[in-house]
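Going down the list, the sequences are from chains F and A.
Using my numbering, read the first sequence as starting at 3 and increasing by one per residue.
Using my numbering, read the second sequence as starting at 3 and increasing by one per residue.
Hints are computed from structural coordinates only; laboratory data are not their basis.
These numbers come from a predicted model, not from an experiment.
Note that CB positions come from ideal geometry on N, CA and C, so glycine has one too.
Just a sample of chain F residues kept apart from chain A, beta carbon distances all over 12 Å, derived:
{"id": "1", "residue": "Gly10"}
{"id": "2", "residue": "Phe18"}
{"id": "3", "residue": "Arg22"}
{"id": "4", "residue": "Gly60"}
{"id": "5", "residue": "Gly66"}
{"id": "6", "residue": "Asn108"}
{"id": "7", "residue": "Arg119"}
{"id": "8", "residue": "Phe160"}
{"id": "9", "residue": "Ala180"}
{"id": "10", "residue": "His201"}
{"id": "11", "residue": "Arg207"}
{"id": "12", "residue": "Glu219"}
{"id": "13", "residue": "Met220"}
{"id": "14", "residue": "Ala229"}
{"id": "15", "residue": "Arg230"}
{"id": "16", "residue": "Gly232"}
Distance ranges between label pairs, derived from CB positions:
{"id": "17", "chain 1": "A", "residue 1": "Met169", "chain 2": "F", "residue 2": "Pro215", "range": "52 to 60 Å"}
{"id": "18", "chain 1": "A", "residue 1": "Lys204", "chain 2": "F", "residue 2": "Gly182", "range": "56 to 64 Å"}
{"id": "19", "chain 1": "A", "residue 1": "Arg22", "chain 2": "F", "residue 2": "Gly41", "range": "33 to 41 Å"}
{"id": "20", "chain 1": "A", "residue 1": "Val226", "chain 2": "F", "residue 2": "Met3", "range": "21 to 29 Å"}
{"id": "21", "chain 1": "F", "residue 1": "His190", "chain 2": "A", "residue 2": "Pro118", "range": "55 to 63 Å"}
{"id": "22", "chain 1": "F", "residue 1": "Ile168", "chain 2": "A", "residue 2": "Met169", "range": "40 to 48 Å"}
{"id": "23", "chain 1": "F", "residue 1": "Ile168", "chain 2": "A", "residue 2": "Lys24", "range": "37 to 45 Å"}
Derived, one-sided and incomplete: chain A residues facing chain F with beta-carbon distance under 8 Å:
{"id": "24", "residue": "Leu8"}
{"id": "25", "residue": "Val11"}
{"id": "26", "residue": "Lys15"}
{"id": "27", "residue": "Ala19"}
{"id": "28", "residue": "Arg22"}
{"id": "29", "residue": "Thr23"}
{"id": "30", "residue": "Asn81"}
{"id": "31", "residue": "Asp82"}
{"id": "32", "residue": "Cys83"}
{"id": "33", "residue": "Ile88"}
{"id": "34", "residue": "Ala89"}
{"id": "35", "residue": "Pro91"}
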Amino acid sequence: MSAVAVEGVWKFYGDFPALRDVCLTAEQGACLALIGRNGAGKTTLLRTIAGFSRHGKGEIRILGTSPRETETRRHIGFIGHGISVYDELSALENLTLYARLYGLANPRKAALEWLERTGLERVRDGLVREFSRGMRQRLAVARAFLHEPSVLLLDEPFTALDDRAIAVLQGLLRDGLAQGRTIILSTHQLREALELASHVALLIRGQVAFHGPCTPEMVADPGLVYARYGED
Amino acid sequence: MEFARLVFVIMAKDLRAELRTKEAVNASFAFAVVILVLLSFVVESNDVPLPVLGGLLWLVFAFAGTLVLNRSFAREVPNDCLDALIAAPISGAALFLGKALANFLLVLVVELVALPVFGIFYNVRWTQQFWQLMLVVVLGTWGVTVIGTVFSALTVNIRLREVMLPMLTYPMLLPALLGAMELTGSLVTGAPIGPETVTWLKLLIGFDVLFTAASVTLVEFILVG
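With the hints as extra help, turn the sequences into a complete structure.
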């Protein structure tokens, strides 16, 4: 059983097909880098896999079940374009809130642990609205990892991160992969993504133009996938 | 038990966020008091029958309540917090009820502060049937809150949501507002709820039960599409 299986999925915005017969799989412990130009459908695909919006035809299974099943959602971590934390709450309050929503046994302890792992323990009581963009992004990472999800869906997770924060995130993702977590990440920062990826999928206008293993040549020349399978 | 815990977590989060900024409550309270005071100068309470003043009070409650309800799901828009709530293992019903309860408490606080202002400026002895009036206030406020919260969810991604929310909610609220107005108008005269007015109470209860059940059932579809 694949950790994530997308079979013949279509998604329409009005008459516009944002996803066209998308078929993808990601096995347990795999890291799939989802690449493509702006508007190719990467975000739509990730949001559809996460169950944020319903698709038309096709089927999506996460760990063998629908992503809208409550139990399945317990195993999904998501980072979208927004950081999904509340400006009016402190970093600790935000993480404790999500720990409670995910039913963790000791919400405060889990929140403190992840604040430390993302280097935010010194500002734990600071309101998020006072945080820099990088700090906010690190908090978003902590929120997504807090409940130890089996499947991580990350939409451009390296955006707005400084070098140190990128290294922290890459370390967390590597640890996650070593623990058998499945990661699907969309990004325009090909080098960072391909260093982690076991597989690559290229989306062009809502269709999968390439889906296969990430080779050493791709890591050495991140533009290779576009050059070989892209339109330009 | 798990459902109740999640409802409480959502309610506590909304109350904490609102009490930290006081954006909606301050605006709602200021609106209610200003309108009540302004209208008291043009409405000579001695010339206006008390039942009409009950209607005026509920119009102010409904308009002031909308200011709180507008913020309910709009609070989730910055930073895409709604995505994280939809992604969390929490049912749409728990999310809705948590938000509705937080809104209910906030609107109720505004109303309870506005009631003495109403009594003073309109020379109304509103405490004559205090507990029955509280029952009507609670039932009417829950009706306003349920409809407002569900339409707040429906309009969360609309650009003109501040305009759309009142346009959608007030027509839906007509039965509840009618019931609350009739009952309040009667209670502030000192007359208890009796055979002549009990139908309005039944209407109010029926409205609350019906729309709470419908909202809890539909909210998942509204949020995910």
